[in-house]
Amino acid sequence: MSTQRSSARVSQKRKAESELKSRQPLSPALESPPQKRAKNISKDAIIKQLRTDLAKLDKVNKTLAADVEDLKDMIQLQEPLVHIGVAIRRRWYEIVREKRHERAVPEIVGAGELAAYKGNLRADMAMFKLGYMKSADPTPASILLEGSPFEAKYKNEYFNNLYAYAFNHLVLPSKHGVRNFSRKMLEICDMSATLAAYYQYSATKESADAGLEKFRRLGIECAEEDKRLAGLFPIPADRYSAFDSWPTVDEKFREMKKVVEEVILRLGESVPSHTSWFPSSAVDAAVYGSSVRSRFL
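Numbering of the sequence shown is given in the UniProt record's numbering, commencing with residue 1 and proceeding in unit increments.
In short, the hints are calculated from the structure, not lab data. Since we're looking at a predicted model, the values are computed, not measured. All residues carry an ideal CB built from backbone N, CA and C; glycine is no exception. Hints may contain errors.
Below, computed lysine-lysine pairings styled on DSSO-like, alpha-carbon distance capped at 27 Å [what the hints assert, rightly or not]:
{"id": "1", "residue 1": "257", "residue 2": "118"}
{"id": "2", "residue 1": "153", "residue 2": "118"}
{"id": "3", "residue 1": "153", "residue 2": "99"}
{"id": "4", "residue 1": "214", "residue 2": "257"}
Using C-beta positions, here's what the derived DEER-type ranges look like [stated by the list, open to error]:
{"id": "5", "residue 1": "59", "residue 2": "221", "range": "42 to 52 Å"}
{"id": "6", "residue 1": "49", "residue 2": "231", "range": "16 to 26 Å"}
{"id": "7", "residue 1": "205", "residue 2": "169", "range": "27 to 37 Å"}
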């Protein structure tokens, strides 16, 4: 009897313990307390805020990147004007040396005269793009003008004829962008403008001068080469690179430079000399004349 009672007590005890366990709360691993749920909500808010901040920073970064590209375009646009300005000012210092009875450096004077008298497509594009050709006012204040007949005259009657390219064809949609040309294309344009400025050369009209006409025909052949290369190289950068290294283009280009040299040597008196401004110059004008002619090329 006592044994049966003992077994019954053990059974009841086990049943009570089982019921007690079933009433206890879940372990922390199975049920999040209120404090942890709050932490989870806070973490979600932080992640959301970080994503918002990241989107803002990405937008700012894109704006700054665009500004950097704009500054690069501006620097590239202004670069030829800086080079020309430096060359002309260095020439001025050599003239000062002459006035003090010292011998000037012919190379510096020649480079300055070359900068002043040679055609320069990139520099002229920059002057128009930056607004320096909008009025007869030679000061930078002229860039405040929106536009004028003065500027249109120089674009249509001079620039387009000198370089045999319409100004609008060379301008890109970007704020400061100018269409990139190959090195040889630029030199051909510069040589064309030099001949047009001093020797009444025209890329669109036949010339009675054999040298000028030869240059014109070589220029037409180079333009035809460029069209042919455009079909082979659809990407402009590849096309320009090909133009600079193409054997037949190189042959024509070297011949054009020889023609320009011959024309300048033959008709060189049309090129202004600094001695006309400084009659008492102690340096032989012939030295400068040969220096200028050699640097037109």
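We went through each hint and held it up to the structure:
1. 257 with 118: holds, 14 Å
2. 153 with 118: Holds - the C-alpha atoms of residue 118 and residue 153 are around 21 Å apart, at most 27 Å.
3. 153 with 99: violated, 39 Å
4. 214 with 257: holds, 11 Å
5. 59 with 221: 42 to 52 Å: holds, 51 Å
6. 49 with 231: 16 to 26 Å: Check failed, 55 Å falls outside 16 to 26 Å.
7. 205 with 169: 27 to 37 Å: With a Cβ separation near 20 Å, residue 205 and residue 169 fall outside 27 to 37 Å, so the hint is violated.
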